[in-house]
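Trainee: Which chain is which? The protein sequence lines are F and A, in order. For what it's worth, my numbering labels the leading residue of the first sequence as 1, then goes sequentially. For what it's worth, my numbering labels the leading residue of the second sequence as 298, then goes sequentially.
Honestly, the hints are just simulated from the structure, not real lab data. Where is the CB? At the ideal position from N, CA and C, for every residue including glycine. Just so you know, not all the hints are guaranteed correct.
[What the hints assert, rightly or not] Computed from the model, here is a short list of chain F residues facing chain A with C-beta under 8 Å:
1. F5
2. T7
3. L14
4. R16
5. E124
6. Y200
7. A201
8. V208
9. V212
10. G213
[As the list claims (entries may be wrong)] Once the Cα atoms are required to be at most 20 Å apart in a straight line, the calculated SDA-like pairs of lysine to any residue come out as:
11. K406/A x D51/F
12. K451/A x N414/A
13. K406/A x R75/F
Given next are the chains, with one letter for each unit.
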Amino acid sequence: MRLGFSTREATRALRRNAAPSFAALATILLTMLVIGVFIPIVQATTGAANDVRKRVLVDVYLTRDAKQSDVARVRAQLLETSNVKRVEFVSKQEAYQQQRQKDPEAFALLGANPLPDTFRVTPENPDDVLKIASALAPEAAGGGTTPIDRSIDEVRTRRDDTTKILQVTRFVKLMAGTLAALLIAASVFLIANTIRLSLYARRREVEVMKLVGATDWFIRWPFVIEGIIVGALGTLLAILLLAVGKIAIIDPLASDFSLISAPETMSFGVLIAVMMVAGIAISAVGSGLSLRRFLRV
Amino acid sequence: MKTGNPRLSRRAAAEHAPAAAARAAAVPHRATPASPSVIEFRGVEKRYDVGAIGLDQATFSIGRGEWAFLVGSTGSGKSTIMRLLIKELEPTAGSIHVAGRDLSEITHKRVPFYRRNIGVVFQDFKLLPNRTVHDNVAYALQVTGGTRKEIRAKVPDILRLTGLSTKLHNYPDQLSGGEQQRVAIARAFVNHPPLLLADEPTGNLDPETSIGIMQLLYRINRAGTTVLVATHDNSMVDKMRRRVIELSQGRIVRDEATGLYVRDESTREFAVRMRDGLPETSPTVEHS
């Protein structure tokens, strides 16, 4: 009964205030469209950045005379080191073969295999790379480093590459995050403002309702339902446009550009659900909250 | 009747003594002196934040079924009293009782339920512009949880009483000022509240239309509803010969019945008397 009444009131208000309702609808449509385009872009960017960060490794070169037992001992030590996620052993033969494939002529000239046994240590977190390196080869008193095991010849982090990668990806992620936050804040303000404008036009109406003895929620429910309807319609239109864009533009290109088909992008279905919930929730809560100012009579 | 005297003497102390005494003696009788008061102001004071005084030590009471005018120039405190009565404002000091209930004890949450017992009519009508005449009146019933059946029964009734049966489906902006005010009165009265407040109900209307509105309010009053009308239409007040409470700068400076009360006057007689003296007397359109 109450729900029926509120719904009827809401649809009546939408019909009678077509222009402001349309403005609110358009606002939600546009912001949802922008958010719908932007969320996958942010995700693809951070996904690509994370991919690059995964390539940050610590190389542990063993001495050339390291025996099978030495290899096992060093492996155990590496696994015990904190922040280490994975240890991968590359024997000299494997390394030789890999390198020879890349540059057969040079290795043909060499004759013997000059490469040592190597451990590739993947850190838990790319930012901890330098910590692992200094744990494996603490700095000696007179400068230079001393490895923790006599079989380790050298610990290398490709320091320059690493810091560069870390800095660039950190910057990219930060930018994407900041842009996303700004965009969402802007959308919320825009929607709140539109709602407030259309409510402001009807503040007299609210005043009269209060004078007749309507309770706050009796007045508020129709507005909230109106917000739900506008939010749902606006988001639905935005999703339709996005779907058209996805089918017409993105899908044909997806095979050519790895960024678009980045593995960590959320699926279209989830995106739709998130947008729908956000659109409805923002406009419904926005209507209910904005009304508070006018209810203080 | 003697019961009115303590109130009178207390009030008389607040004004210029000799004149008040003379006037108090001149008051022949009150409309319903013995009935319990519907409105009771005791030393009510209202100061606005900016320091302006809205109401200063106002003490008066209005009995059940009584008709009273609040008069005074703009800013004298008429509207302050109205807004205090619907609990839109809180008094700075003093107490207000309506139908025996202390308004300060009504919590913010209960205010809407309190307001349903009071009909309010304003100078600017305050109708909902998006609703037809019928829906405007029906809204007052819907607010209280009135069913469709109730609405179907009561709304046409009250609209017939106010002479709006033919305008059921018009929107407020399609009506004349007088008709809009009738809608407002219909909405105020559809719940049959025991108290009706009218703040300048004829402020925007011509004399002939004003009489029609007053006639309508009079009819409601005769049905037993207490009516309090704020106005600065002196000729109307003089003709009505009802109790008058005059305010000046927030103080009550006069509280008396002007002239003789005509107690059992039919609405038609009332209308004839009110029209008497108007430049051109048109035949009464309405029937009581």
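Trainee: Would you mind marking each hint as holding or not holding in the structure?
Mentor: Going down the list of hints, with the structure as the test:
no. : hint            : result
1   : F5              : holds (7 Å)
2   : T7              : violated (13 Å)
3   : L14             : violated (11 Å)
4   : R16             : holds (4 Å)
5   : E124            : violated (55 Å)
6   : Y200            : violated (15 Å)
7   : A201            : violated (11 Å)
8   : V208            : holds (5 Å)
9   : V212            : holds (5 Å)
10  : G213            : holds (4 Å)
11  : K406/A x D51/F  : violated (57 Å)
12  : K451/A x N414/A : holds (17 Å)
13  : K406/A x R75/F  : violated (72 Å)
Going through the hint list in order, the structure does not satisfy hints 2, 3, 5, 6, 7, 11, 13.
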